[in-house]
Structure formats: structure tokens, C-alpha cells
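Participant: Residue numbers (the working numbering), protein chains in the order written: chain A, 671 to 1078; chain B, 671 to 1078.
Watch out, some of these pointers could steer you wrong.
Which copy is meant is left open, so a pair is good if it fits within one copy or across any two.
[What the hints assert, rightly or not] Quick list of in silico lysine-lysine cross-link-like pairs, DSSO-like style, CA-CA up to 27 Å:
| no. | residue 1 | residue 2 |
| --- | --- | --- |
| 1 | 1037 | 702 |
| 2 | 859 | 784 |
| 3 | 801 | 1037 |
| 4 | 1030 | 801 |
| 5 | 798 | 700 |
| 6 | 727 | 702 |
| 7 | 775 | 801 |
| 8 | 1030 | 1058 |
| 9 | 973 | 837 |
| 10 | 700 | 727 |
| 11 | 1043 | 702 |
| 12 | 672 | 998 |
| 13 | 837 | 727 |
To be clear, the hints were calculated from the coordinates, so they are not data collected in a lab. Since we're looking at a predicted model, the values are computed, not measured.
In case you want the letters, here they are:
Protein chains: 2
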Amino acid sequence: MKQPIIVKKFGGTSVGSPERIRAVADRVIKSKEQYENIVVVVSAMGDTTDDLISLAKQISLTPSAREYDALISTGENISAALVAMAIQEKGHDAISLTGWQAGVKTENIHSKAKIVSVDTQRIQNELKAGKIVIVTGFQGLDDFNNIVTIGRGGSDTSAVVLAAALKAPVCDIYTDVDGVYTTDPRVVKKASKLNEISYDEMLELASLGAKVLHPRSVECAKVNGIMIHVRSSFSDVEGTLVKEDSKMEVNRPVTGATLNEEEVMISILNVPDQPGIASQIFSTLSAASINVDMIIQSTEQNKTNTITFTVHQDDFAQAKTLSEHLAKQLGAKDIQWDTAIAKLSIVGVGMISKPGVAAKFFTALGKNNINIKLISTSEIKISCAIDKQEAKRALALVHSEFGLDNNA
Amino acid sequence: MKQPIIVKKFGGTSVGSPERIRAVADRVIKSKEQYENIVVVVSAMGDTTDDLISLAKQISLTPSAREYDALISTGENISAALVAMAIQEKGHDAISLTGWQAGVKTENIHSKAKIVSVDTQRIQNELKAGKIVIVTGFQGLDDFNNIVTIGRGGSDTSAVVLAAALKAPVCDIYTDVDGVYTTDPRVVKKASKLNEISYDEMLELASLGAKVLHPRSVECAKVNGIMIHVRSSFSDVEGTLVKEDSKMEVNRPVTGATLNEEEVMISILNVPDQPGIASQIFSTLSAASINVDMIIQSTEQNKTNTITFTVHQDDFAQAKTLSEHLAKQLGAKDIQWDTAIAKLSIVGVGMISKPGVAAKFFTALGKNNINIKLISTSEIKISCAIDKQEAKRALALVHSEFGLDNNA
């Protein structure tokens, strides 16, 4: 018997050319054997969004967010219409719907809105009429009938939100890799594909820089109990299931390792040791919309503290200026920075019950002469800032140390 | 004192590059000195629509009209957002609205819908808030919330319809020529620019192939009493006013001459002379959505008629097949065709009151050994089908004969 409904999302590479779009159509049509109703969510073709951004930049370096959204949302309209045409060309009924036609309502914020609700009436009607429904990812409508985008990579989130709204238990996310790997296969050749991964592990990996899934989509899948199947649009092999961790391979303490080379480190030296100092520093950065990632405070001998933190490299100039002001204001000695760091992380739900994971991690780095500059941990993650030059070597040896290497 | 409102439409060439878009912004901003409220209607940038059509063709040669509309309407969304950004970049308030956001409602037909109404509430609100409003041409929304396009060149019509809905007395149409000419200046060097032309003359010229204005836009302007100002987006010179003919230069019998080289001629020979035959032929063609232009019926000696007509060259194959069927069905002898014809026309409201215009036209052709194959006339127009090879020479000599040559 057929299953009632599935949502399938195809990324930019998957719809990157007329040929690829035809392949998407074939795959969608084939899945009619398995599902009564199919909703397809698409990203913009290949580089379309980047091309539109480049056009905008030629007009204005600081375009209004509303017009920017109106502009860059058009890429998904194009790919959705083309996918619908390709399915029709192969003799099946299909219809493309923009975000607003599909009832996707967002917050009244541009460029990074959250989806607040989906009125699925139109989608349901089209499905009942026997159509495969293609919905543009990445976009919705605010309360004032303005077109809004939901942030880069937001099409993953669009797909999971639609799955939740349509009560689809599974959301297939088709991409240009065949699943989630223990680490980036382009960096570590021995990376191995995971059959399953828990929401929490996937969230950590996604937040740490593994780009296969957008973190918000994982969060949304977790909250709504949607299983995400990350798989290749170029082959039929099973991908990776992102799901609750009850049936996970908890035998191994570490599920994946990842590298983020986009952060920089700033230290405010010899800040007087008084209550409220940290609050003042990080409130100031937060007020400037600067996300701080790792934070460490070390106490010096002269009753002062050195406060060190990392921010995204795009925020470096602003964070540096603010830190200099803060240093003066707080009577601190000076600031220092290091723009050549990398954050190496290991992730695994198993590490909660397996002591010694951190020690093993630090030892592996130490015995290979890799200096640790900062440490930050969560229940299922340990991150270290290390020298950027050592990053790839460190990733490979940690990957190996925790038994993640592919033995095939 | 400022005038209350104007609608300005910019075509594809006028918004063809970031540089051109900035020039449009300058021009629009400058007109704030003259007008309280400005609504701008834009076409897609340069070749965008053609590129989208080419993409569609790579997917399907017979795409569904709904998806085709969803696809090709995106070009206007892009240019509208960019024009809004360019105006904002220069320090003025602006907002882009898609057809549906601007309240443009169309018939429930795809690719060639007529606009049935405009709910101007949103536009009025944005104007009241002090914004220059940029509206996408070429598109609207049907009763079922589907995006609909209104036919190639439809942005002219969008602009005039908006002018009518907003009670703007004038609609500026910016294009890549500086006005309406007595004939195509690329063909006849001595073509001269008209300061004014009546709606009816403009309608005939537009229908006959002068591509400067879309005929539907002229019709709509006539019905609503909107004056169209056709002018160049590359210079500040006054263009051509399209308006009621009360103040027209009716001294000259002919206002313009034009050539249409896209028609072909088909004859059904020796059709029995019975009532209802013509009706049967043209009903059959009409049922196949083939537009017939010129028709001539000549009576032969043997009590049969030869029926000759012209159709657009794109419809030739289908019209020929249908004619062959009809010939058999009606007991006609055979069919003939000529794909190397051109239709030469002269247009002028003055010809009603000036007898001898037709005679002068035919004589000019005759004494230059140009054979006339078909003739068709209206109150303000005379058209002849002639040999395509003679077409440009014939146009130039008729242009000269009726005193249209530019003496500058």
C-alpha cells in the first residue's frame, strides 16, 4: 500500500540545469509508486541567487532588505516553474506554487524571517486534484503582503516546515552528496557515510560548519518529529536518516568531526577583576548583532582577567573596534587578536556515557604538537581553537583516533 | 504647482543594465520636481524574458501556459526590485510591487489575459507614505491566485491601465527611440518624427507592425482618454504625444507608412460560387486560432471564385494544411501560396476628407513597376500586398510621395 504523503527538497545543484531538472522530474514521478501525494520544494538553480546578489551589488552595496528579498526570491520561482513543466512534459500533472501561493506566512522581518505558519489549503486542493505540487523554498509572505526570504539555505527549513504542516512523517532532502559524513570528505579522504544520526548530533554538526543541512531545518524536524532523509540527487543509494537517537549506534562515543575555518579570536587583556565585566563586554557585542561563539576567561596573577572570544570573520573589523573601546572603558591593558585560527570539533551523543573522550581528544592533539588555544564543550560536543595551518592535519588524525575512518 | 500624478513606463532596453537602471532612477527622481506622485512600470531587463523562454524550451516545447506565465513573469520582478533599490540608493523612498501586490486582476486566461481591474489601495497607501512606486509590467493575478501574463509587449498596457486606475492624465512611455516616426527610420533614412498622432492612427500603425507601442495600450488609452507620451530613455527631447485627434495636423492626408514582412498569402482556387463558402473557410481557420488579415475574393469566368488571404508566417504550415483540406471538401481546384510578400500600408486620419489618396498610392507603385497582389482598406488606412523584394524600395517612394520625408 502506498504511503500517504512525502515532501522532497531539491537543492541548487540538483536543479542546476535543464538536464538536472529532467532528472528531478523522473525521480519525483518514480516516487508516485510509493506515495499518494508528493510535495516538492526547490531551491534556485545553481548560481542564480548569487547572480541576483551580484546584480543588486552593482546597484547598491546596502540595498533595502525588502527589495533585496523581492529580488533574490525570484530564483526559486524560476526553478519551481521549470520543475513543474518537466513533470508535465513527462505526462504527469503538476503545479508550481510560490511561497505566498502555498500559504507560507513569515515574521515581519526581511532576509532572515522565521516561518510562523502554513495555510495548506491551496496545496491540499492541488494534491486532491491529483497534482504533484512544487513549492518554492526560501520564501514566504509577511503580514503586509511583502515577499520575505528566510535566510540562506532556508529551503531545507521550508521543506521541513511543509512536511510538518502537511503531516508528512519524512522529508527527503536531495543534495550533491549522498548523505551525512563523519567529516568533510573533501578534506578527509577516509570520511565515512553515516546511516543514521540524531537530531542533536546533526544540529551540532550543522552549527559547526557541516553544510549539508541548515541547522534551523534540523531544529524544526526535531520539534515536529519529522525524519529527514539526506540523500544524493545523482544516485539511488540510501542516504543518511536524521531522527530521534533511540536506535542510534551509541557504541561509538564520537559520530563526527568538523572544522570551522571562518572564525577569528579576540582577547581583551588584563581586565580588572570585577563583577559585571563579562556582561558588559558581551552585551555590547550582542547589541551590535555580533554572534560570539567560544568564550574563555583566564585569571592573571595581578588580579586581572583576560577575556578571549571568537566571532565570525565577517564581524572581525566591527568586533575589534568595539573591543578597543571596551578595553579603554574598562581600564584593560590592551587587546590582541588571531585571525589564523580554526575550530576543530568532535560530536557524539555517545560521549555523555563514555568518560575520557575529552582527554583522548586533547592527547591526540598534544602528542602531535598541535597547540590548543581555546576549548568549549557541550554535552555532545567538544571544540578546540587551534592554529589554522594545522587544521586539516588535526582533523584527519582526530577522525582516525575516534575510529571514524572508512575502512572500505 | 506640481501636477498630482504620472505613470512612467520603462521598456527592456531602458532597464537593460545596472547603469541604465541608475539612469532611470535619476530620471524618475528628477520628475519629482514636476509631479506629487510617481508610479513607474517596468519591463524585464534586456533579454531576460527571451532567456527564460529559452530555458523553458529546453524543458518542454509545449509547456503549460500556467507554468510558462509563472516562469516568464519573474523578469519583471527582478527589474522592479532593482529600480527601487537604485532610487533608494540615491536617497529617495521607493517600493517595488509585483502585479498581484499592486492589485492588478486579470481574466482567467494564461499568456494573453486582459486586465479586468486594478485595486489601487496598496499603491495609494505607498504613494501617501511618500514613496515612488515601481510596479512590474506584463503581469497580474487571476481569480484563482495564479500569476498571469498579458502578452508580449503587455507592459505598455499595464502602464496605461494603471494610469487610468490612478486617474493620471498622462502616461510616459520610455523606449529606445525618441518618438513615433512616419515610418521605420532603420529602413527609410528620411523618416521624420511626429510631434503628435491620434489614437486611431497610432492603432493602425501599431497593428501594422510599427513596434513602438503595443496596440492594446493605445486602445486602452483611447477608451480612458489617457495621453501617451512616447519618448526616449536616452535623451531629454520631447517625444510624440498620442492623443485625441482634435488638434492634429490634418493638413496632410497621410501620417505614416509601414511595412509588415511577416505575412504569407494563401489562395484557394476555383471554389464553387455558393453562399456560405467564405464563412466555412474562415470559421475553420478561426477555430484553429489562426488570425486572417487581408482577404480578397475574385470571381472567375467558370462561375467559381478564388479566395485569397494572408496569415502570419508562424501560422503558415497549419493554415496551408487546413486550406488543402478545405479545397478538397469544397470541390475547389487547388491551393497556391506566396511566402515572399510584404504588406505596405499608409495611415492617416486625413485621408477620410482628402479624396484621391488611394489612387495616388496605387499610381506611385504602378509607375515604379511594383505589382499589387492584394488590397485592403479601412477608413484611415490603405494596405497593399506586394513582392517582398520590392518592399523597402516601395516604402521609401511612398513615404516620399506623401510628403513624409524629413527635410532636415
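Participant: None of the hints should be skipped; say for each whether it holds.
Facilitator: These are the hints, each one checked on the structure:
1. Taking identical chains as interchangeable, the C-alpha atoms of residue 1037 and residue 702 are never at most 27 Å apart, the minima being 55 Å within one chain and 72 Å between chains.
2. Taking the shortest alpha-carbon separations for residue 859 and residue 784, neither the intra-copy value of 37 Å nor the inter-copy value of 60 Å comes in at or below 27 Å.
3. Taking CA atoms no more than 27 Å apart as the test, residue 801 paired with residue 1037 passes in neither setting, with 60 Å inside one copy and 65 Å between copies.
4. For the homomeric pair residue 1030 and residue 801, neither the shortest alpha-carbon distance inside one copy (55 Å) nor that between copies (62 Å) is at most 27 Å.
5. When the C-alpha separation of residue 798 and residue 700 is checked against a cutoff of 27 Å, the pair qualifies only within one copy, where the shortest distance is 19 Å, while the shortest distance between copies is 53 Å.
6. In the homo-oligomer, the alpha carbons of residue 727 and residue 702 lie at most 27 Å apart only across protomers (26 Å), although the nearest pairing inside one protomer, at 42 Å, exceeds that limit.
7. In this assembly of identical chains, the alpha carbons of residue 775 and residue 801 lie at most 27 Å apart whether taken from the same copy (23 Å) or from different copies (25 Å).
8. Taking the shortest Cα distances, residue 1030 and residue 1058 sit within 27 Å of each other inside one copy (21 Å), while across copies they are farther apart (87 Å).
9. For a Cα distance limit of 27 Å, the shortest separation of residue 973 from residue 837 qualifies neither inside one copy, at 58 Å, nor across copies, at 75 Å.
10. In this assembly of identical chains, the alpha carbons of residue 700 and residue 727 lie at most 27 Å apart only when taken from different copies (23 Å versus 41 Å within one copy).
11. In this assembly of identical chains, residue 1043 and residue 702 lie within 27 Å of each other by CA distance neither inside one copy nor across copies; the values are 53 Å within and 59 Å between.
12. In this assembly of identical chains, the alpha carbons of residue 672 and residue 998 never lie at most 27 Å apart, being 68 Å within a copy and 54 Å across copies at closest.
13. With identical chains, the CA atoms of residue 837 and residue 727 are never at most 27 Å apart, being 40 Å at best within one copy and 36 Å at best between copies.
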